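2 protein chains.
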Amino acid sequence: MSLKSSKKLLTKVRTFATSANLGPGFDCAGLALDIYNDFEVYEGNSKKNCVFFNGQDIQGIAKDENNLICITIRKVLERKFGLNFINYQKPIEVTCKINVPVERGLGSSSTAVVAGLLIANRIYDLNLDILELLNIGLEIEPHPDNIAPCLAGGLVISYKSKNGSYKFEKINIIENFKILLMIPDFKINTNGARKLIPDLIPKEDAILNIANFAILISRLKDGNIENAADFIRDKMHQPYRKDVYPDSLNIVEELNNNFEIPAAISGSGPTAFAFISESRFKDFNEKIMPDLKVKYSDFEFKFTKISNKGSYYF
Amino acid sequence: MSLKSSKKLLTKVRTFATSANLGPGFDCAGLALDIYNDFEVYEGNSKKNCVFFNGQDIQGIAKDENNLICITIRKVLERKFGLNFINYQKPIEVTCKINVPVERGLGSSSTAVVAGLLIANRIYDLNLDILELLNIGLEIEPHPDNIAPCLAGGLVISYKSKNGSYKFEKINIIENFKILLMIPDFKINTNGARKLIPDLIPKEDAILNIANFAILISRLKDGNIENAADFIRDKMHQPYRKDVYPDSLNIVEELNNNFEIPAAISGSGPTAFAFISESRFKDFNEKIMPDLKVKYSDFEFKFTKISNKGSYYF
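Heads up: the sequence lines are chains A and B, in that order.
Going by my numbering, the first sequence opens with residue -16, and the numbers climb by one from there.
Going by my numbering, the second sequence opens with residue -16, and the numbers climb by one from there.
Bound-form chain A, shown alone (with noise of 0.2 Å):
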C-alpha cells in the first residue's frame, strides 16, 4: 500500500504504540514502544467537513467522520474556537500505515487519538503545548495512561494536578532490558473492561500496588529488574478482569512465578508483557520461550523496545 497521493500533502505524523499500567501502576503509568502508525495527511477535496481515512482496510477502524481521528480534531477545534469551530474545519484525507494491532492493549486508540491531536495542532497553526493536547485528548479517551507517554515518549507516569488538570512525569530508566510481547488472537473493548472493576477497592490492595509500584520503577531507574518479579504484582485490575483474559494471565503468573520474569497485563489486555533483562536474554531465548510458544500457540510473541521519542511530524 503506497503512502504516495496527488493531493497537497499537509502534514505527516508517527504516534507510537503504548503499554499502560505496567502491572501495580494502575491508570497512571505507561510505556511508549517501537512500533508504531504513520499517517498522511492531504487536503481533502470533498465538501464534507471530515476526515476520508484510506489506506490499509483494518477491520474496526472507522472510514468516516466517526473516525478517532476525526472526532479528535473536531474537539481541539471546538476547545480553540468553541461551537463557532465549524466555520474553520478544512476537509482532509488520511491515509494511514497501521503496525499498532487494534483492541490488544497496545494504545492502539491513543495512536488516532494523538494523531489527531497532533494533526490540529499542525494544520490550523494552533501551537497548543503538550499539557493542553493530553487534557483536549483526555476529553476523548479520559485515561491518560495510553495518551501521555504516545505524546511524550518513554516511561511516563500521569497525574491529576491540584488543579484537576492532568500532568504527566517522564522517568529516566536504564533500559537492560527487551520488551516481550505476548498478542493472543482476539480483542478487548476497554471500557468493557474498565466496568469490571469495582469503584471501591480494599486499601489493602492498593497499598500492596503502591509499594510494588515505587519499588518497580525504583528498579528500573537503578537498571536492576534481576529478581524484580515481586514487585509487577498487581491487585487492582488484572485479578478482577482474569475471565477475559486467562491464558493471558496464565502466561504472566508463569513468567513471575516460575522463573523470576516480570511480566504482566499490557494495559486491558489480552497482550502481556515481560522484561527480559540482557543478563538473562540468551538463556530465555533458547530455554524458556520455546516452550511458551508450544504451550500457548494462539499467541504471537514478539519483541520490542521503548521508544523514548514521543509522537512526531516527519
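No lab work stands behind these hints: they were computed from the structure.
There may be inaccurate statements among the hints.
[Said to hold, decoys possible] A few chain B residues that face chain A, going by a derived Cβ cut-off under 10 Å, partial list only:
no. : residue
1   : S141
2   : K204
3   : G206
4   : Y279
[What the hints assert, rightly or not] Cut-off 20 Å, straight-line C-alpha distance, at most; resulting in silico cross-link-like pairs (PhoX-like, lysine-lysine):
no. : chain 1 : residue 1 : chain 2 : residue 2
5   : B       : K80       : B       : K(-9)
6   : A       : K170      : A       : K285
7   : B       : K186      : A       : K178
8   : B       : K204      : A       : K204
9   : B       : K(-9)     : A       : K218
10  : A       : K145      : B       : K186
11  : B       : K186      : A       : K204
12  : A       : K153      : B       : K204
[Stated by the list, open to error] Selected chain B positions facing chain A (Cβ under 10 Å, derived; list incomplete):
no. : residue
13  : L(-8)
14  : L(-7)
15  : D10
16  : D47
17  : N172
18  : A176
Note that the coordinates shown come from a computational prediction; the quantities given were computed from them, not determined experimentally.
Cβ coordinates follow ideal geometry from the N, Cα and C atoms, glycine included.
Add chain B to chain A, keeping to what the hints say.
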C-alpha cells in the same frame, strides 16, 4: 540521668525514630531519622522473668513486663523455642535514654519493638536475620512502615512477598535536603488513628497515591525535589484523619500549596514534616519559618536528617 550501673552489661542498642507514609506511600514507606533511643541491658537480679525499666520516667511507657521491649523479647523467644520459651528467659534490666517523642507519629513504639528484637537476638544468641526480626516484630506491631526503616535505616519500602511474609527494599536517594519536623504538644494513639480509615477506598484515590508515590520516589532518587509538592499529596490517610490533627494538616497544606515545599503528616501524626531542599534552605529559614513559628506557636520546630544506618549494637 546516667546510663551506668554496677550490674553486668549484656548489650547496648540504639534504635531510630522513623517517619512513616511519606504522604502517598501509605502503610509501606518509611524513613529512618537521625533521632534515637539508647538502651542498655543488664543482667537482672529479680526472679521475675521480665524487663524492669529504668531510666527516664516517661509517661505512657510501662516499667514492668508490659513494656513493649519485654513483650517483644517474649515473642521472639516464643517464635524460637515454642511454648517452652519460659524456661529460657533470663531476667534483665533495661536502662534507657529516650530522645524520640512518644506517640507523636515518629515511630517511638517501633524503637521499643526493634530494641526488643535486637536485644533478644543478641542475649539469646539466636542469629535471626533482619527479615526474620522484621516479621516477628510485625506480630507485635502489625505494620512494617516504621519497623522496617528502624531496622534497616534509610528510605525503606516494605511489601508483602508472594509467600505472605514481609520484605523490604531500601531505596537509594540523593539527600540534598533537610527534614523539618513540626511536633505539636499532644499525642495520638496509632491504633485509634488507624480505625478512621475505611477498609474499602475509592479506586481513584488509590490511583492518585500510586502515581504520586512513584514520582516522589523517582524525584528523591534524582535529587530533584524542587516543585515536588504535587507528588507528596495523599488521599488515603490524611483526609480521613484531619479532625485529629487539624493544625498539623494546615501546616502541611500551607507548605505544599503556598510554598511548593513537599510536606506531609509523619505516620499517624500529629507531627508534620517537610523536605527543605538545600537550595531553598536559607530562604526558608529567613522568610518562611519565622511566620510559621508565630502562627503555629504550639509546635516544636526541629531539623533532622536521614539515618542511613539502621538500629545497631554500640
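Checked hints:
At its closest, the beta carbon of B/S141 sits 7 Å from a beta carbon of chain A; the interface hint therefore holds under the 10 Å criterion. Given hint, B/K204 at the interface with chain A, holds; its Cβ is 6 Å from that chain's nearest Cβ, closer than 10 Å. Look at B/G206: its Cβ only gets to about 12 Å from chain A, farther than 10 Å, so that hint breaks. Because the closest C-beta pair between B/Y279 and chain A is about 22 Å apart, greater than 10 Å, the hint is violated.
Between B/K80 and B/K(-9) the alpha-carbon distance is near 18 Å, which keeps this suggested pair within the 20 Å criterion. The hinted pair formed by A/K170 and A/K285 meets the criterion: a straight-line CA distance of about 17 Å does not exceed 20 Å. As the CA atoms of B/K186 and A/K178 are separated by approximately 12 Å, the hinted pair is consistent with the 20 Å bound. Of the supplied pair hints, the one linking B/K204 and A/K204 holds, its CA atoms being roughly 8 Å apart against a limit of 20 Å.
Between B/K(-9) and A/K218 the alpha-carbon distance is near 52 Å, which puts this suggested pair outside the 20 Å criterion. Of the pairs offered as hints, the one joining A/K145 and B/K186 holds, with about 18 Å between alpha carbons and a cut-off of 20 Å not exceeded. Of the supplied pair hints, the one linking B/K186 and A/K204 is violated, its CA atoms being roughly 27 Å apart against a limit of 20 Å. The straight-line distance between the Cα atoms of A/K153 and B/K204 is roughly 14 Å, inside the 20 Å bound, and the hint therefore holds.
Annotation: interface hint on B/L(-8) violated; nearest CB of chain A at approximately 39 Å, more than 10 Å. Contact between B/L(-7) and chain A, as hinted, is not supported at the beta carbon level, the nearest pair being about 36 Å apart and thus beyond 10 Å. Checking B/D10 against chain A by beta carbon gives a least distance of about 5 Å; that is within 10 Å, so the hint holds. At its closest, the beta carbon of B/D47 sits 35 Å from a beta carbon of chain A; the interface hint therefore is violated under the 10 Å criterion.
Checking B/N172 against chain A: minimum C-beta separation of about 19 Å lies over 10 Å; hint violated. The beta carbon of B/A176 comes no nearer than 14 Å to any beta carbon in chain A, farther than 10 Å, and the hint placing it at the interface is violated.
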